[in-house]
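Using the working numbering, the first residue of the sequence shown is number 401, and each one after it goes up by one.
Please keep in mind that the hints were generated in silico from the structure rather than gathered at the bench.
Computed from a predicted model, the values in this text were never measured in an experiment.
Fair warning: there could be bad hints in the mix.
Below 25 Å or equal to it, Euclidean Cα-Cα: the simulated DSS-like pairs (lysine-lysine) are [claimed, not checked]:
(1) 529 / 513
(2) 513 / 455
(3) 533 / 454
(4) 454 / 434
(5) 484 / 564
(6) 564 / 513
(7) 564 / 443
(8) 454 / 465
(9) 567 / 454
(10) 529 / 443
(11) 529 / 465
(12) 454 / 484
(13) 443 / 454
(14) 454 / 502
(15) 564 / 454
(16) 455 / 443
(17) 443 / 465
(18) 465 / 455
(19) 484 / 529
(20) 567 / 513
(21) 455 / 484
(22) 434 / 564
(23) 455 / 540
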Amino acid sequence: MDPCTLIRRNMYCSYKIEVLVYEMLSTYSTLISKDSPLHAYLKVLLYTIALDSKKHAEFLELVGKAFNLFEEVECSQLVGEPWKVLQSTLEHLRRGVFMDLKTFVENQLWIEKAVGEETYQLLLLPLIKENAKMCGIEGKSLELVNTILERIIQDELFHENTLKRIKTAF
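Build out the structure end to end from the sequences listed, making use of the hints.
In structure tokens:
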């Protein structure tokens, strides 16, 4: 597979993952009771990460469409296990199956690490930096794409650290 196709497919699936993460976290946060200050705290933290994920999805969609960096693909095949875990968890939550917070946070930590570190830092950003010209991205456009991806990487690290704090709170 040529580098531009790899970039386009990964950008598309990264966008789709961020949409799923937003839906999953916002759904889960609505299921958390407000019985205690701790629950209110957790609800706010999880929804904050959800909103970041929504923002990431919108950034990726905007960049992908503006610079022809989207190619629709079956993301479950490209992404593998993180995709399957995300979809399964979201389906359970939509059916009203409540997952205990510790299990939910552990799943989300694993997903954030896989998506944030492996996809953005180790794959997508280096691929774009190495192959941007071949894919028709140069100058200010390349700077913009890199800046947005680097910002998403920073947010993903924040998400991971926030989830670790939640995990240790229990």
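Could you work out which earlier hints the structure fails to respect and list their numbers in ascending sequence? Per hint list: 3, 10, 17 and 19 violated.
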